[in-house]
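Undergrad: Single-letter residue listing:
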Amino acid sequence: DQQVKQNSPSLRVQEGRISILNCDYTNSMFDYFLWYKKYPAEGPTFLISISSIKDKNEDGRFTVFLNKSAKHLSLHIVPSQPGDSAVYFCAASRFQGAQKLVFGQGTRLTINP
Amino acid sequence: GAGVSQSPSNKVTEKGKDVELRCDPISGHTALYWYRQSLGQGLEFLIYFQGNSAPDKSGLPSDRFSAERTGGSVSTLTIQRTQQEDSAVYLCASSLGDGTNEKLFFGSGTQLSVL
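Going down the list, the protein sequences come from chains A and B. Each number in our numbering comes from the position in the first sequence (counting from 1) with 1 added on. Each number in our numbering comes from the position in the second sequence (counting from 1) with 4 added on.
Each statement offered as a hint is correct.
25 Å max Cα-Cα, derived DSS-like pairs, lysine-lysine: (1) 6/A <-> 61/B; (2) 69/A <-> 57/A; (3) 19/B <-> 61/B; (4) 72/A <-> 107/B; (5) 107/B <-> 6/A; (6) 57/A <-> 6/A; (7) 55/A <-> 6/A; (8) 57/A <-> 107/B; (9) 55/A <-> 69/A; (10) 61/B <-> 15/B; (11) 21/B <-> 61/B; (12) 107/B <-> 101/A; (13) 61/B <-> 107/B; (14) 6/A <-> 72/A; (15) 61/B <-> 101/A; (16) 107/B <-> 55/A; (17) 69/A <-> 107/B; (18) 6/A <-> 101/A.
Derived list of chain B stretches under chain A, where covered just means 3 residues or more per stretch with a C-beta under 8 Å from a C-beta of chain A: (19) 34-48; (20) 108-119.
Hints listed in this document are in silico derivations from the structure and should not be mistaken for laboratory results. By construction, the Cβ of each residue, glycine as well, lies at the ideal position given by its N, Cα and C atoms.
All chains should be built: construct the whole structure from the sequences, respecting the hints.
TA: This is the structure in structure tokens:
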């Protein structure tokens, strides 16, 4: 039972344009969501998070949007840069501070120069 | 060290052999996790240690898998009688474990290949 789903295994975007990565979840008990970024041969690194009491959180070029009714969140990167090329994982937990995260399958983002 | 350290970085073993994977968490982090990523899959939770509490073993896929955390620091994940389906990247992570910081810091992982 895949509780967190990233249905796009890969995405290609031109440098300077917007990258939109999507994530859906099925467990209505989740109320804290995170995005991690992973380069080859490295562990995932935390990127940005959002609590269910918000519908948007922004950090520089990265913005996460949450639609609780649709159980959907998305990560927007604008403008996209070649260094953003990586695998992005969506993760969810039942509350902020809960340590056991449930991850999606990841989306490989490639930014073309 | 400054980050989470895992060893070995790569391990090739024969089916049926036992393997041990090691994780050194960030100093001062009381929470430690093991995840694994099989080819084309997301990160799958295996086990979680928090301070002196009993570990959450709910993600271990079979009784061939076990983990220890000695002295509240270094952890070892042991897989007995390895099978080909155990082939994956095994990732260790640590966090402050104070109940407020959900940010996990991951190591680079151990790529396990079972022939």
